[in-house]
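Construct the complete structure from the given sequences, taking the supplied hints into account.
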Amino acid sequence: MDDGMTIAQVAQRTGLTAHTLRYYERAGLMLEPPPRGDNGHRRYTERDADWIALLTRLRASGMPIAAMRRYAELVRRGRDTYVARKELLEAHRADVIAKIEQLRSDLEIVDHKIDLYSRRIMGEE
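Be aware that the sequence shown starts at 518, since it is given in our numbering, and climbs by one per residue.
Per label pair, the in silico range of CB-to-CB distance:
no. : residue 1 : residue 2 : range
1   : E563      : Q619      : 35 to 41 Å
2   : I626      : I582      : 30 to 36 Å
3   : A611      : L571      : 14 to 20 Å
4   : R574      : R596      : 18 to 24 Å
5   : A601      : T523      : 32 to 38 Å
6   : R574      : I638      : 35 to 41 Å
7   : K630      : V600      : 41 to 47 Å
8   : G545      : R636      : 51 to 57 Å
9   : R596      : T562      : 18 to 24 Å
10  : A615      : E563      : 32 to 38 Å
11  : R636      : T523      : 51 to 57 Å
12  : M639      : E563      : 51 to 57 Å
13  : H536      : A608      : 27 to 33 Å
14  : R539      : K603      : 25 to 31 Å
Treat the hints as calculated values from the structure; they're not laboratory data. Just so it is clear, CB atoms sit at the ideal spot from N, CA and C, and this is done for glycine as well.
Following this line, the structure appears as structure tokens:
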């Protein structure tokens, strides 16, 4: 029987540090605290690793820790929270779309400057 993954294995798999994984646990972001092995060390399950991967994507896309904590609380409360979870994720999606649009606009300016310098280098301006 598989006794789970160590914190180092989960850190390598997710790209997070062991410190961040422990922080996620302290911050109430885990669905449940990872069980401890006979030696007292955390042993993460596949479910834990999948959850951490989701948290990583939410954080990378700009979701605040407080919203991540709220989402984790809703998931822990069960099926009756599907509507609230969906609403939370829809609000986050709208934020991500707004950031993407801002980045597209910023990129247009960068592209414009690159084009300007390309023309100057070629002697067209």
